[in-house]
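The primary structure of each chain is shown beneath.
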Amino acid sequence: MKYICLIYNEESRLRAMAADEYESLAKEHLALDDELEESGNLIASDALRPVQDATTVRLRNGNLSVTDGPFAETKEQLGGFYLIEARDLNEAIRIAGRIPSARTGSVEVRPISPDCCVQP
Amino acid sequence: MTLAPVSIDDLYRRDSRQVLATLIRLLGDFDLAEEALQDAFAVAAERWARDGVPDNPRAWLVSTGRFKAIDKLRRRARFDAAQGELADRLYDEGTDDDPDDRPQIEDDYLRLIFTCCHPALAADARIALTLREVCGLTTEEIARAFLTGAPTLAQRIVRAKAKIRDARIPYAVPEAGALAERLGSVLQVVYLVFNEGYSASSGNSLTRVDLTGEAIRLARLLRQMLAEPEVTGLLALMLLQNSRREARATSDGDLILLDEQDRSLWRQDAIDEGLALLGDAFRSGRVGPYTLQAAIAAEHARAARPEDTDWGRIVQIYDALTQIVASPVVDLNRAVAVAMRDGPAAGLAQIEAIAAQGQLRGYHLLHSAKADLLRRLGRYGEARDAYRTALNLAEQEPEKRFLANRLRDLPA
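Chains as they are written, first to last, in the numbering used here: chain A, 108 to 227; chain B, 1443 to 1854.
If you're looking for bench data, these hints aren't it; they were derived computationally from the structure.
Predicted model only: the values in this text are computed from it and were never measured.
Among the clues, some could well be false.
To be verified - Far from chain B, by Cβ distances over 10 Å, these chain A residues were calculated:
#1 111
#2 122
#3 123
#4 128
#5 129
#6 146
#7 159
#8 173
#9 178
#10 196
#11 201
#12 205
#13 211
To be verified - Now the stretches of chain B that chain A is said to cover, found in silico as 3 or more residues with beta-carbon under 8 Å:
#14 1592 to 1605
#15 1613 to 1622
What the hints assert, rightly or not - Computed Cβ-Cβ distance ranges for the label pairs, DEER-style:
#16 191/A - 1752/B: 27 to 35 Å
#17 167/A - 1593/B: 36 to 44 Å
#18 1745/B - 191/A: 53 to 61 Å
#19 110/A - 1662/B: 41 to 49 Å
#20 194/A - 1517/B: 30 to 38 Å
Idealized CB from N, CA, C, for every residue including glycine.
Given the sequences, and given the hints that come with them, work out the whole structure.
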């Protein structure tokens, strides 16, 4: 069975952390990654860029709508994910718009942090 | 050497945005490009005074700015090796730009416009970034125009640039398939800038830059570069609305409604140009919402007296508009036109149906339109309540004064 573990954080708390405190948190993450890799449990893990880099994509009546910011509705629940490689945000938006669930729900597009664990 | 002496200020006004647009493409970074632009003009101020203006000042500025940026990165490489690598890469990439390649210059400018108006940026950030980068206004000028603090505005711009960089919003003109939709986002920014300027133009306008002028200038530039009928439609709409600028308020800044305006103050040159552009947009056969709104403004512009207005035709245009954009505000405007065509009772019935849907409950213009029809029907008590609601919801000072006057003039 595959499982996805989704991490929710208060970004303001991460930002307020002292640099060394944040660094030790990041190191703990990396240590766990190594351990899970070793034991064969890890498929992929990554840190996301902060929410201000998020873009939300929806497809309604064939029209692609693109809005700034994260998905913030309480009615809908997280239902899946696509981890994709795209040249830039425009290509990522185009792919997100092709996800069938974009027709009924919303797809939040968030860049993965390129250098792993940078404090937001 | 150019024959006519050209001042560096004129060149800055004429070319700086295009130079910036090309520098952003060559350097891949907004901030680096802006510094390079300022550096290039600083060198130009010194050298051109001595040696005269070069044959192609734009190309000279781009090339000087690019080398200045590479130098700057090399100096920073002492503290940050990555900057040195970037400098080497930029140097090696070189530039095979042909300085007289008009399409390339326009492409860069369009890249800048589409990037600043990218829908992944918040609407207020798009407006601030467009006025700053595309129009070249200072942060202070934009802050004054929007009655915001300069630090707030500066932060908005910094955040928008950070998102462009970190979420990798490409510096590109959208491909043909996405152009129409992305153009919508650009035109929205242009029209929001226009409306901000138009609604504020009766206020303390002396200290505020002319946003309506900036919006019209931008639409003209866009139209030169993109043969899209909605660009033409939007330009027509703004020219037609702006033609009434001098007639729409008293010298004290009080609003004057369309049917009470002195039509001799309407600027005929703007009307003529707007009507001609509207004809162009219609002939394209692809009629969009801005073109239809321009067509409505044109009906007013064509009427020499208020009673000559063809309200039947205006209702028809609203019908076409509701086919394209489903919006209760459009429905409200249509109801007002119906009241003019068929009498206040018919309009009031429609406004009450729109009010019952609830979306416009907090919209002051719904309540003031309703109040006006009730007044014309002689139902003064209900009119008073509706004017009061509108007055509580209105935010702009001239609108508040207008509503207060209407309330005061209402027969008991």
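Each hint tested on the structure:
1. 111: 22 Å, holds
2. 122: 14 Å, holds
3. 123: 18 Å, holds
4. 128: 23 Å, holds
5. 129: 18 Å, holds
6. 146: 33 Å, holds
7. 159: Non-interface label fails for residue 159/A: nearest chain B Cβ at 6 Å, not farther than 10 Å.
8. 173: Residue 173/A is in fact no farther than 10 Å from some Cβ atom of chain B, at 4 Å.
9. 178: 13 Å, holds
10. 196: Incorrect as stated: the minimum Cβ-Cβ distance to chain B is 5 Å, not above 10 Å.
11. 201: Incorrect as stated: the minimum Cβ-Cβ distance to chain B is 8 Å, not above 10 Å.
12. 205: Correct as stated: the minimum Cβ-Cβ distance to chain B is 13 Å, above 10 Å.
13. 211: Check passes; 19 Å lies beyond 10 Å.
14. 1592 to 1605: With 3 residues close enough to chain A, the hint holds.
15. 1613 to 1622: holds (count 3)
16. 191/A - 1752/B: 27 to 35 Å: 54 Å, violated
17. 167/A - 1593/B: 36 to 44 Å: 38 Å, holds
18. 1745/B - 191/A: 53 to 61 Å: Because 56 Å falls inside the window, the suggested range holds.
19. 110/A - 1662/B: 41 to 49 Å: Since the Cβ atoms of residue 110/A and residue 1662/B sit about 57 Å apart, the hinted range of 41 to 49 Å is violated.
20. 194/A - 1517/B: 30 to 38 Å: 32 Å, holds
The structure fails to meet hints 7, 8, 10, 11, 16, 19 from the earlier list, while all remaining hints are met.
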